[in-house]
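Go by the hints and put chain Z onto chain F.
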Amino acid sequence: MKIDPIHQFNIEPLFTIGHIGNQTIAFTNSSLYMLVAVAIISILMLASGTQLVPGRFQSVAEISYEFVASTIRSTAGAEGMKFFPLIFSLFMFICVSNLVGIIPYTFTISSHLIVTAALALLVFFTVLIYGVAKNGLKFFSIFVPHGVPGYILPLVMFIEILSFFLRPVSHSVRLFANMLAGHIALKVFAGFVAMLGFSLGALGWFGGVLPLALTVALYALEILVAFLQAYVFAILTCIYLNDAIHPGH
Amino acid sequence: MAESHGGAKSPAARAHTEAEGGHGGGFPPFESSTYASQLVWLAIFFVALYVIVSKLALPRVGGAIEARQNKIEGDLAEAQKLRDQSDAALKAYEGELASARSRAQAIGNESRDKANAQTEAERKILEEQLAAKLAEAEKTIASTRTTAMSNVRGIAADAAGSIVQQLTGVVPDAASVNAAVDASLKG
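From first to last, the protein sequence lines stand for chains F and Z.
Residue 234 in our numbering sits at position 234 of the first sequence, and the numbers go up by one each step.
Residue 45 in our numbering sits at position 45 of the second sequence, and the numbers go up by one each step.
Next up, chain F with everything else stripped away, as it sits in the complex:
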């Protein structure tokens, strides 16, 4: 029994739909799980009834709505509600795909850096374009913090500018690395159980209890991480958008 913790991240083309340049565009398992995430969100939000007294299903839809709305209001203010559809889409897409991805034998979209980088760059350019369009050159005052003595201001500005342009990197790598590492760790510990059982016989079955307990504990942690990373991604988006809305702070 060989443990291959990387196998779960393989992209398997299901069918090819065309070529752009020398790149093959295929509908892959990744695309399938994107479709699954969009379908789950659509069903949750559109088939959940609009009763006065909500049922369970409707409550979940309304709690997601209120949760994202209150996150935006508390971090980016009432003006941030302009970006409610964007942040709601990001949060739900990442949260649902992470939670689906934690089911054994499924694929986790956000375990691929290209996907998280695309989402982080979407946020980055939204902030940059909206910030400049709304505030003009005043937007760049976010690089000049208040109350910094003149002689270290160039250094501080350099750090601020650098950190601004590194935002999409940390934004995307945080999500990608968390999902990737969590899934690898789960696979490794779960693999130990099977490996011990196959190689050591009866003794191995007893020995497998410890990694099994660890797998269960890690699984619980990964469920938390799946939600938490979606929340972190969404709240960082709100914080970055807050810079575009209120560059004075």
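Think of the hints as simulated: they come from the structure by calculation, not from any bench.
The beta-carbon is built from N, C-alpha and C at its ideal position, and this holds for glycine as well.
Do not take every clue at face value.
[Unchecked claim] Here are some chain F residues the structure puts well away from chain Z; computed CB gaps all over 10 Å:
id: 1; residue: Leu128
id: 2; residue: Ser141
id: 3; residue: Ala202
[Said to hold, decoys possible] Using C-beta positions, here's what the derived DEER-type ranges look like:
id: 4; chain 1: Z; residue 1: Gln80; chain 2: F; residue 2: Ala213; range: 56 to 62 Å
id: 5; chain 1: Z; residue 1: Ala43; chain 2: F; residue 2: Ile43; range: 20 to 26 Å
id: 6; chain 1: F; residue 1: Phe143; chain 2: Z; residue 2: Ala67; range: 42 to 48 Å
Coordinates of chain Z only, in the frame set by chain F:
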């Protein structure tokens, strides 16, 4: 916490895969040949999700939440209105009751005063009648007495005249007898 965990793990995992050589064809997240497919489908599905969320899902769920909020506010306003109404009715009832009570008291006072006045008037009339009767009786008594007194004088004078005649055999003249009688009556 989770992030440092991830940072520590992924290079190790990468090393592990690379050590396996051409078996799996490298570390899947860094296989650039899959990037185009992933980006195209991510764009398609994320745009679709954004459109569904912004055009259908959020207005729908937000509308349901808002409808509930409006319903609750409407019901509260309605309850407040009904309460105000019942308060007003209670106040009207209390006012009515107070005015009825004061009216009853006024009527009672009036009838008592009237009765008192009537009794007083009747008493006065009765007293007057009694006083008149008393005065009349007194007058009668006085006249009777005067008459009686004059009769007594006449009797006394006759008796005195007879006594003197009997004693002296002389008939006294009436004037001196009368004078004597008056003097004795006075004395």
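Hints, one by one, checked against the model:
Every Cβ of chain Z is farther than 10 Å from the Cβ of Leu128 (chain F); the closest lies at roughly 19 Å, confirming the non-interface assignment. For Ser141 (chain F), the condition that its CB be more than 10 Å from all CB atoms of chain Z holds, with the nearest at approximately 30 Å. With a cut of 10 Å on Cβ distances, Ala202 (chain F) stays outside the contact zone with chain Z, its closest approach being about 30 Å. Here the CB-CB span from Gln80 (chain Z) to Ala213 (chain F) is close to 58 Å, well matched to the stated 56 to 62 Å.
In this structure, Ala43 (chain Z) and Ile43 (chain F) meet the distance hint of 20 to 26 Å, their C-beta atoms being roughly 22 Å apart. Evaluation of the 42 to 48 Å hint for Phe143 (chain F) and Ala67 (chain Z) yields a pass: the beta carbon distance comes to about 45 Å.
Violation of the numbered hints given earlier is absent; every hint is satisfied by the structure.
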